[in-house]
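Trainee: Whole structure, please, built from the sequences with the hints as guidance.
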Amino acid sequence: MKETVGALAGALLESEKTVVFTGAGMSTESGLPDFRSPGGLWGKYRPEELASTEALNRNFENFASFYRQRIATIGEVKPNKGHLILAEWERRGIISAIVTQNVDGLHQAAGSKTVWELHGTLRKVRCQSCGKEYPAEMYSTETACEKCRGKLRPAVVLFGEMLPEDALSAGMELASSCSLFLVLGSSLAVSP
1 MKETVGALAG ALLESEKTVV FTGAGMSTES GLPDFRSPGG LWGKYRPEEL
51 ASTEALNRNF ENFASFYRQR IATIGEVKPN KGHLILAEWE RRGIISAIVT
101 QNVDGLHQAA GSKTVWELHG TLRKVRCQSC GKEYPAEMYS TETACEKCRG
151 KLRPAVVLFG EMLPEDALSA GMELASSCSL FLVLGSSLAV SP
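Under our numbering, the first residue of the sequence shown carries the number 1, and numbering increases by one thereafter.
By construction, these hints were calculated from the structure, which means they are not laboratory data. Just so we're clear, the structure is a prediction, and the values are computed from it rather than from any experiment. Each hint can be trusted.
Cβ-Cβ distance ranges computed for the label pairs, FRET-style: (1) Ser-176 <-> Asn-59: 34 to 42 Å; (2) Val-77 <-> Gly-150: 24 to 32 Å; (3) Thr-4 <-> Ala-144: 46 to 54 Å; (4) Gly-160 <-> Ala-11: 37 to 45 Å; (5) Arg-68 <-> Val-183: 30 to 38 Å.
Note that the Cβ used here is the ideal one computed from N, Cα and C, for glycine as well.
Mentor: Following this line, the structure appears as structure tokens:
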């Protein structure tokens, strides 16, 4: 173990450009469940019934209830030591950017500045019709857009949707141009 840590430290110090890729396992220490492990979120719920475009359109009440609970949960958690270390590494120039599958906003809460969220964020909601964005806290009491009365939904990528082009392009560019790509908290089983 000591040799592995030493090798990682050496690689970080020698790297000209390090990019960190994080998944749900990064936030489990903060109290958030991951998705695929025993006891994970998708072990309790079927994603296609609660986190898909079909769920949004066919059973909005269940969809909204599920995401209200998730938004409330992320509002109660704090960045863990791993998030804080990555923010400090970015501040010191040890890492260049974070590309994440996480939607919890904990990297930014820890102080990281260059974060690309591949799957969106639960820190905002947006109108399904006009695209207007609101703070996620609004979702606890309101599910209709103030502007057009369209359905509000979390600003996350649902099953059946494409990833945001800006985050995907940035992530691919960072991955192809870095000298060290460090994966934390992801089995890399989710595509992308």
